[in-house]
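Whenever a hint applies, use it, and build me the whole structure from the sequences.
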Amino acid sequence: MNERPLDSWEARLQETARAFSYPATPEIARQVRQRLQAQRAVSPGRRKNFKTIAWALVILLVLSLGLLVVSPARAQLVKFIQVGLVRIFLNQPTPTPSPSPTPQATSTPVAGLAQATPSPTLPATLTPPALPPTATELQPGSLASIADLAGETTLEIARAGAGFPIKLPAYPPGLESPEHVFLMWMDAPVALLAWMQPDHPDQVRMSLQIFGPNAGFVNKWMPKTLQATQVNHHPAVWTSGPYMLQLRSGNYELVRMVTGNVLVWQEGEITYRLETSLPLEEAIKVAESLR
Amino acid sequence: MDLSGETHSNDTDLAGRARLGDENAWELLMRAYQEPVFRFAYLLSGDPDDAEDIAQETFIRAYRALERFDLARPLRPWLLSICANLAHNKRRAVGRYLAALQRLLQAEPVAAASIEEKSSRRWQAQSLWHAVQKLSKNDQQVIYLRYFLEMSTEEVAQSMDIAQGTVKSRLHRALERLRAVVERDFPDLREAGWQGFEPEPQPVIKTRDPAERDR
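Top line first, the protein sequences correspond to chains A and B.
My numbering applies: residue 1 is where the first sequence begins, and numbers increase by one.
My numbering applies: residue 1 is where the second sequence begins, and numbers increase by one.
To be clear, the hints were calculated from the coordinates, so they are not data collected in a lab.
For glycine and all other residues, C-beta sits at the position ideal for the given N, C-alpha and C.
Each hint should be verified, as a subset may be incorrect.
Residues from chain A shown here face chain B by an in silico Cβ test under 8 Å; the list is partial [to be verified]: (1) Glu-10; (2) Ala-19; (3) Ile-81.
In structure tokens form, the structure reads like this:
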């Protein structure tokens with residue numbers, strides 16, 4: 001009988017498979033533990049369904065708009081959604097009496113960080129200021145807006161000086177290191193990474209702002225679109241359409257017009273703000289690819 | 001010395017504590033199984049970053065499902081079944097898929113590999129993996145679990161939620177298909193001395209010829 005036994009072939013297969021070389025196993029356990037802790041920190045106690053949170057935000061928005069219509073105190077009512085250090089205001093408040101000006105930052109900036117020209121002290125109200133006469137309405141994604149920023153440096157220096165990890169996206173495939181890296185001071189280091197269009201090197205393809213734990217709040221006013229979403233199971237916000245962006249740190253102010261899409265999310269104490277022309281699903285992939 | 005019973009007992013204890021919110025217990029379990037879960041995810045996805053994502057998600061989903069898990073069952077097959085589902089369902093953007101495919105094509109064993117390289121077990125294992133990747137998802141899964149992760153047929157059955165007899169038959173068919181792939185598409189493995197690559201034998205038809213018997 002001429003039968004070739006499978007056993008010897010199978011044994012060879014087993015022997016060869018044992019020699020397979022795997023990549024080093026990453027610290028999955030630690031990463032998962034951190035993610036679970038972060039999720040519990042967002043909703044302490046029993047973890048809530050994210051859809052419930054999203055609906056709660058929607059209900060809050062509807063109620064707020066209703067109050068704005070009927071309440072005589074609507075001039076005082078300011079509603080916003082906050083993700084990390086980013087506040088997205090849903091209405092434009094009327095001016096209120098100015099309390100004491102925001103105190104100047106007293107912490108010592110890290111040597112080597114660019115110091116923006118100190119702006120006049122702003123009242124601590126949430127009134128969006130008029131566009132300063134010296135500022136120009138910047139075209140979205142134009143290099144001019146990047147060139148106007150202070151603090152351009154190298155990725156290595158930014159990583160050394162930031163005090164928090166500066167991660168880079170691994171998506172889209174083939175994405176290399178950012179062409180421009182900025183490290184700014186807004187009560188604490190804030191990193192800005194900018195990738196330019198391959199065919200149009202004067203146009204921004206994508207930018208990523210990374211706010212460390214102690215940076216000043218970033219206020220956004222009345223975006224046309226506002227959508228709750230998730231990044232790595234963390235609550236996130238997706239906005240699109242033009243809106244006024246103001247950075248408030250106490251000693252640094254930047255006003256620019258941003259069109260396109262912005263994804264805002266927080267992981268731990270770090271707030272991320274991704275500006276891109278990609279659709280939401282792709283932007284989430286970029287965000288979730290940070291390494 | 002068979003420690004599987006002891007391991008299972010420890011896992012049951014840790015899983016029970018993790019259910020009650022003991023984070024340390026869950027971390028100990030994860031540390032015990034993160035390697036096989038990651039390796040399985042890597043075998044299925046072909047990408048270490050994807051594998052890391054899948055492995056993380058596996059443990060997160062397992063943690064959330066811990067309340068419903070039967071502690072009498074072994075943990076490893078259950079984790080690997082979650083891992084396999086995630087790997088199969090993981091949506092890839094076209095770009096990422098193409099990037100993974102490109103890496104796969106670039107990693108194909110090339111004729112220019114030296115004799116020494118081809119004879120190395122590591123090279124052969126890599127080539128074997130590429131051959132397995134040409135099979136269906138189900139064939140891949142059963143081969144990876146049985147031969148790459150060296151699970152018993154019982155564990156493979158638990159992981160795939162099929163009977164042990166079914167595992168054996170699936171393995172048999174998967175290996176036949178794998179052998180055909182290797183013989184057709186991986187001549188370098190044959191040249192490297194990977195034994196067992198002979199022409200398919202003709203079916204053996206046993207007959208009882210009365211004329212023969214009476215000679």
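Consistency of the hints with the structure:
no.: 1; hint: Glu-10; verdict: holds, 6 Å
no.: 2; hint: Ala-19; verdict: holds, 4 Å
no.: 3; hint: Ile-81; verdict: violated, 26 Å
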